[in-house]
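One-letter residues, chain by chain:
There are 2 protein chains.
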Amino acid sequence: ALWLASSALQAEASPPKPHPTPSTPPSTAKPASPTTPPRIRDRMFQLVREAQSHICAEIEAIDGGKFREDTWERPEGGGGWSRVLQGGNVFEKAGVNVSLVYGMLPPAAAKMMNARGKNLDTTKSLPFCAVGISIVMHPSNPHAPTIHCNYRYFEIIDEKTNEPVDWWFGGGTDLTPSYVYPEDAILFHQTYKDVCDKYDASFYPEFKKWCDEYFFIKHRKESRGIGGIFYDDLNAQTPEFYLNFSRDCAFALPKVYVEILKRRINQPFTQQEKEWQQLRRGRYVEFNLVYDRGTKFGLETNGRIESILMSLPLTARWEYDQHPLPNSPEAESLKIFQTPREWA
Amino acid sequence: ALWLASSALQAEASPPKPHPTPSTPPSTAKPASPTTPPRIRDRMFQLVREAQSHICAEIEAIDGGKFREDTWERPEGGGGWSRVLQGGNVFEKAGVNVSLVYGMLPPAAAKMMNARGKNLDTTKSLPFCAVGISIVMHPSNPHAPTIHCNYRYFEIIDEKTNEPVDWWFGGGTDLTPSYVYPEDAILFHQTYKDVCDKYDASFYPEFKKWCDEYFFIKHRKESRGIGGIFYDDLNAQTPEFYLNFSRDCAFALPKVYVEILKRRINQPFTQQEKEWQQLRRGRYVEFNLVYDRGTKFGLETNGRIESILMSLPLTARWEYDQHPLPNSPEAESLKIFQTPREWA
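Keeping their order, the protein sequence lines are chains A and B.
264 is the number of the first residue of the first sequence in our numbering; add one for each residue after it.
264 is the number of the first residue of the second sequence in our numbering; add one for each residue after it.
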């Protein structure tokens, strides 16, 4: 009986039932007893919902607009809580999504995971649960960067005991400016280096490199932005260790991002600068649709399409064979995207 | 010795050599003797170059602008002739690309082909040659449709004899309006039905269905446009049969498209109609980057990125959870994208 006996889920926010035959937990599921410690999946869920509320509040404070929440249910199990602010004062589009999906992992998704080193049985569907928060925020001002983060917990579940037989944490936060301001890049990277260093001195150098590799747009031979940290498949320490690490990473986001926004959102800009931003947003779309693991996972596991593609910018542009003028600010930024630097 | 002993290539348009060590034909290659009939690959090349010139001339006549040609060389063999008209009077962006690429087929590409029914050896790289024309034209006016076509010839080559050991033709033309005008849809489909019927009465019904299936955006549960014809892996008849069919299809394009453009390009439009067009262009981007076979093939075989992504519109838009008003023209068009119709 695969059921997320989740007090958090039950108490806090059961998604509405838009489907005529909603997937209800099987009747054989045992609710968690009050003396049983909460499962990691429940604690992660609590964590990402708290982070969602905190981050939305901070972003509303600087934007002046309000997030709207849509909840959705996945027919095969689980669902999500999508919060989107569109057409705000600072943001063209900002999304803060929490999802908790469970059910049987399609062999195609297991194969993708094995391709990066997992050893999952791909001859049958495996019971799984994934809990995570995903954030993408696209400000209007071309001098203000887009930010993205994702913090997630994944487990393969034993159908009999409802306990994880395999689990790992993944996550990361990265910044995508159209115009690179070195002082912003330094502040951003230093912030995440500080968080990493609290946990393991090897984390930042390793996760920074991983991020540069992950967000590299192979067909363009350039990165989509200035990176940050990225990691996946972490399970060498206790789950508690990674829960704390995830929390610190997620809560660092509004702090550093609001500071950078304050520097940039009132900066005047030209039509030409707006067009450069639009071209860079085209690159963002290319990365997300061609390479992004989360997008592919969402499309393959039948997630809610509007929540998955919430990451796409409001507008984007593709000019044929466009090259910035030599020594222009656009060319300088492009150089940085082509050769990632050390910032912290 | 794998060399396209192509009189067409040699005589007409050898691409410039932007690379410091251009790939030159191996010295063991035997030039075609004057008494040898030209190879299919050479005849297809001639055909697509002629179609390119003809189509560009027809489009320049209605637009008033001029195509610019960029030639490119593929380091591993072959290259292309990309013609693009950007910022014209009628077109935001129109591209007419010819490419002739050859070399060793990456096992990943062979696997993609096997996935659709081929039986290629994926344990080693295979010598191949691909010749084709690709067209995508995005007009400014939201009442005027985008058109796309691709006609291609593919062969796997015996390294010793330089003769094909396997070959097939693929192609198709499809129309993507933002607002569906039934009279345009009928004219478009009838034109291609007429071409198909000249060759085989089973072609149009089969290729129309194939087109609807191919251009279906699974994650949206809608088609990107109103279809047309699509086919692949044809080799039951002689190569000559398919050469003639490809030629008739390619030359039908400017005739029917210019007729439709004349009906639409002077129609007034509102800002709201322009935004609907932009949203539909977002769908176009989603299809091309997530599903399109030609785009994937280009990215995997190291084609010129600006030529591959020439298909993307100048601008596109993604609004969160946007739904047209009931009974609006947008809703009527969307209904047609969701349930493909018979038009001819």
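Do not rely on the hints blindly, as some may be mistaken.
Since the list gives no way to pick out one identical chain from another, each pair is judged satisfied if it fits inside one copy or across any two copies.
Once the Cα atoms are required to be at most 27 Å apart in a straight line, the calculated DSSO-like pairs of lysine-lysine come out as [stated by the list, open to error]:
id	residue 1	residue 2
1	K559	K374
2	K598	K472
3	K423	K481
4	K472	K329
5	K518	K387
6	K481	K387
7	K559	K481
8	K374	K329
9	K387	K461
10	K472	K461
11	K374	K481
12	K525	K481
13	K461	K374
14	K381	K559
15	K559	K484
16	K381	K423
17	K484	K537
18	K472	K387
19	K423	K598
20	K423	K484
21	K423	K387
22	K472	K484
Please keep in mind that the hints were generated in silico from the structure rather than gathered at the bench.
All values derive from a computational prediction rather than experimental measurement.
Cross-check of the supplied hints:
1. K559 x K374: both (12 Å within a copy, 20 Å between copies)
2. K598 x K472: within (18 Å within a copy, 47 Å between copies)
3. K423 x K481: Intra 43 Å, inter 34 Å, cutoff 27 Å: neither.
4. K472 x K329: Answer is neither; intra-copy 35 Å and inter-copy 45 Å both fail.
5. K518 x K387: neither (44 Å within a copy, 52 Å between copies)
6. K481 x K387: Answer is between: at 24 Å across copies they meet the 27 Å cutoff, but 32 Å inside does not.
7. K559 x K481: Answer is both; intra-copy 17 Å and inter-copy 13 Å each pass.
8. K374 x K329: neither (40 Å within a copy, 48 Å between copies)
9. K387 x K461: Answer is neither: 40 Å inside a copy and 49 Å across each miss the 27 Å cutoff.
10. K472 x K461: within (18 Å within a copy, 59 Å between copies)
11. K374 x K481: both (22 Å within a copy, 20 Å between copies)
12. K525 x K481: neither (33 Å within a copy, 41 Å between copies)
13. K461 x K374: neither (34 Å within a copy, 46 Å between copies)
14. K381 x K559: both (17 Å within a copy, 26 Å between copies)
15. K559 x K484: both (21 Å within a copy, 16 Å between copies)
16. K381 x K423: within (22 Å within a copy, 42 Å between copies)
17. K484 x K537: Within one copy, since 23 Å is at most 27 Å while 33 Å is not.
18. K472 x K387: neither (34 Å within a copy, 33 Å between copies)
19. K423 x K598: Neither: 54 Å inside a copy, 45 Å across copies.
20. K423 x K484: neither (47 Å within a copy, 36 Å between copies)
21. K423 x K387: So K423 and K387 pass the 27 Å test inside one copy only (16 Å; across, 44 Å).
22. K472 x K484: within (16 Å within a copy, 38 Å between copies)
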